[in-house]
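If you're matching them up, the sequences are chains G and Y in order. Its first residue numbered 3, the first sequence is counted upward by one per residue in my numbering. Its first residue numbered 28, the second sequence is counted upward by one per residue in my numbering.
Any given hint could turn out to be false.
One side of the interface only, derived from the structure: several residues of chain Y facing chain G at Cβ under 8 Å [as the list claims (entries may be wrong)]: (1) S191; (2) R228; (3) G340.
With a straight-line Cα cutoff of 20 Å, these simulated EDC-like cross-link-like pairs (lysine to aspartate or glutamate) come out [to be verified]: (4) Y/K251 with G/D353; (5) G/K115 with Y/E265; (6) Y/K229 with G/D195; (7) G/K482 with G/D321; (8) G/K167 with Y/E237; (9) G/K177 with Y/E237; (10) G/K134 with Y/D222; (11) G/K167 with Y/E265; (12) Y/K229 with G/E114; (13) Y/K229 with G/E103; (14) Y/K384 with Y/D296; (15) Y/K229 with G/E163.
No wet-lab data here; the hints were simulated from the structure. Quantities reported herein were computed from a predicted structural model and do not represent experimental measurements. Note that CB positions come from ideal geometry on N, CA and C, so glycine has one too.
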Amino acid sequence: MKMTRHIGLVVRRLVLLCGVPAFAVTASTALTPSIAATEGAASAPGSIVMRRLTPEQYEHIITQTFGADVSAVARFSDQVRESGLIAISASRTTITGPEMEQFDGLARGIAEKVVDKDHRDSLVPCKPASLKAADDACARQFLTSVGRTLYRRPLSEAEVETNVKAAGDAARATKNFYDGLSLSLAAMLISPDFLFRVESTDLKSGQGVLDAYSKASRLSFFLWNTQPDDVLLKAAARGDLETPKGLAAQVDRMVASRRFETAMRAFFSDLLMFDEFNALNKDAMIYPRFTQKVTQDAQEQTMRTLIDLLLTRNGDYRDIFTTRRTFLTPSLGSLYRVPVAKTTPNMEPADWVPVEYPEGDARAGILTQASFVALHAHPGRSSPTLRGKALREILLCQRVPDPPGNVNFTVVQDTTNPNYKTARERLTAHATEAMCTGCHKITDPMGLALDVFDGAGSFRSTENGAAIDGSGTVDGIAFKNAVELGKVLHDHPSPPKCLVTRLTSYALGRVPLAGEKSWIDGLQAGFAADGYRVPDLFKKVATSPEFFKVAAEK
Amino acid sequence: MRMAEKLKRREVLRGMVGGTAVSVALPFLDCFLNSNGTALADGGKLPVVFTSWFQGLGFTPGFWEPKTQGFNYESNLQLKPLDPFKKKITVFSGLRAYTDGNVVVPHGSGPQVCQAGGITKKNEVLPTIDTIIADAVGTRTRFRSLDVRCDGRSETFSRRSASSSNPAESSPLALYNRVFGAEFRDPNSSDFTADPSVVARKSVLSGVTERRTALMARLGSADKARLDEYFTSLRQLEQQLDLQLQRPDPVPSCRVPAGAPEDAGRTTDMADVRRQHRLFAEVLAHAVACNQTNVLGVNLSGGAGGSGLRKAGSSMTFHVTTHEETVDPKLGYQPTVVWFQQQVAEAMFDFLTAFDKFKEGPSSLLDRSLIMYSTDNGDAKTHSQLNMPMLLMGGAGGRVKEGQHIAAGGHTVARVGLTIQRIMGMPTTTWGTESNTTSQPFTEIMA
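Required output: the full structure, derived from the provided sequences and hints.
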């Protein structure tokens, strides 16, 4: 009987861990060490990586270049995550045939809008001599200007000629100047210079340093999650980015800009795996309050909490685990069973209401928010193991191994398998099972503290009529409940170090190499010395020489 | 047991003919096709359509394997829903996905061995059989392949390399618009004029192609390979445009769907997923009948981890149920798991029905189809890679001896992949890696 119980829980635990996606993304799901220990000599920087634009970057660029009404409703395929970040897989993926078709359709839709009668006067800086014929001069003016924006650098004379010729040929084939211009623009929008961030080294300064425009792109995609603006491109052209003072001035300007919030959101959205919400399904019969609106609001709640704490208040990163300040909508209030006062000055319903939970409340920190507890749970119930695994992997940069294959559970199927009331009972009964205990010991205690939140994120104090016990220990430090777990994590050394590693990986598009360890160590020490201020960390990364160093090209 | 392959004379000749074709810089199968790839060169038959049909979590050991071997086998409980098509279905039992001590991903390694022929020590990603076939037979159709997934997601196992996985269409409506939207040219339309805008599009793309040399010079070897794949994709786009500039051969059985299908969005409720799958099957059948592609990838959902398939109102997904449900002592199996698996068999029935009812003269679309069912585990509750169920469905244009049960105890699943390549007319003689390496197609099913 005892053996049966144990193995019954082996199965349950295995289930919780074995939800690994298709082999197609195997490489991306295996969390590699935070620093690639085997690659690179002692001080060798990593080589250039060609990064594919993310869907958000694509949309930002189109909106900023052509205006919000030239919308790019991009339908990109699901993205994969590598070493904890989609930003890293963007350095590994290419564009397949079916995706090329999608990009082509999207590009033609955008280009047609740019030159249509509603937009051409504001977006095309000249008028053709004839609507029915090619006009190389006007095409040159438009394509040179828009090319500099889309390619994030001035076009070479040969590139300009190619694009102007394409517009002319197409105008002659279609007997329409704007059709020709539109097709030439569409070709630009599917060219590798646009869809990938292709970097170059500076020939003047020798190999190993990015050229000025590549530096500008690294900065703007890191600090704004979009293309460089005109000011940054001009600064690059002047050589400002080559001096510490000039670089710092641009970084300060960019971090002070409203676009910096976009970049912080992009980073945390990647780090916290919010793309997984696209695939999240909750059973509507079990969790009727978990509506489509809640799915969106749950992500926004966490983003608002993070931006308010880390950017607006310039707070301590570690407080993400303990903060009682957050923002709620009526939909979230319904899920959390918290009354949300609708107060706007003109008495209209407010979308987002700032809320501060009272001292002693069961909720504090982002781990108690639906964006964490609902995302890392099953469609119809909670999962201490999935939550503990996510916490370890996402916020502590630790690796939880996959379960073994070809395990025989035949004995588990004994019908005497008892029906435990709480998750803790189910998991504790199994604590001596050697095969699985190793992994579950590192995931379950943290996850069990969060089991007071059901699979959708609503609070509960009992499961099947039995009280839920949220106590446990993390690395030897005891806690009694989810709020205390947050305090333990607040004082734990790993989360800030993990953030530094993830942020540098995000910035570089790859896992830092062994040769970059001293840089990472310095950033970690600086982060602590500065009181764990995240905007300062972004600045320090962006002004580091290491951020722009690349291995010599072969 | 490894047996030296005894090739039939016909097989040897088929391979040699293929080799000759390659040497004249044409995809080897083109020697069988007319200039538009719509029919065999003898004018008699339409090309074979290959479909990779996937759903994870397999069937339950002991309840799907036919009770007798050879032709006219007696089907077992779980494949009963397919009985109306039994004469067109070959069932393989006892096959094994060898993992050779490499890193095993519980729901990822099985599909990789079934679809790509093995897993490797370095965890390299090998091309899947649908892309291998598409590269061989898909170059003369508008779409090299069409991939769909029925639970609203777009990840698939289909890939040509580590950096290029083929995303699936997740919406039947989007698929319909992609195939039968403004750019569709009805092959039976009486008038044809080359669209000047297509001519213009083709000319602007040549400017993009010219960037290749300059960009390649700036990149490291890994990025060069990625950029190379980008340009291959661009070439596919150009080929699509080329086809639009040619008058398509008439295809008498081509019918445009009566209307655009509805769109269910993301869903994991089994009933909704099956409905979505039926809508996809209809559009795909029309697409194939109108010669828009010869290769399909159909994913009911994903591997177990990506598949949240569930019964409405139940807190457990198909995947979780496989591990947690107890075996009913009277029935001898997990009843809810078997319910899910029956749904999968019924979905396959739906697919076969959609293709079978599409008549092309005296035969049907199913008769010129070769549909491979594969899955991730031989026994989902234990993540077993033993006794992997595999099915081959359809007549492949007369190239298969249909309706057999082949009990192939202990042989690698890669034998099925090799057999498929041979049926498709490819010259492949050996396929798979390490213990999955095989030179032994199932010649007993090859006509």
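Comparing the hints with the structure gives:
no.: 1; hint: S191; verdict: holds (5 Å)
no.: 2; hint: R228; verdict: holds (6 Å)
no.: 3; hint: G340; verdict: holds (4 Å)
no.: 4; hint: Y/K251 with G/D353; verdict: violated (48 Å)
no.: 5; hint: G/K115 with Y/E265; verdict: violated (23 Å)
no.: 6; hint: Y/K229 with G/D195; verdict: holds (19 Å)
no.: 7; hint: G/K482 with G/D321; verdict: holds (19 Å)
no.: 8; hint: G/K167 with Y/E237; verdict: holds (13 Å)
no.: 9; hint: G/K177 with Y/E237; verdict: violated (25 Å)
no.: 10; hint: G/K134 with Y/D222; verdict: holds (17 Å)
no.: 11; hint: G/K167 with Y/E265; verdict: holds (18 Å)
no.: 12; hint: Y/K229 with G/E114; verdict: holds (17 Å)
no.: 13; hint: Y/K229 with G/E103; verdict: holds (14 Å)
no.: 14; hint: Y/K384 with Y/D296; verdict: violated (27 Å)
no.: 15; hint: Y/K229 with G/E163; verdict: holds (17 Å)
Checked against the numbered hints listed earlier, the structure breaks hints 4, 5, 9, 14; every other hint is satisfied.
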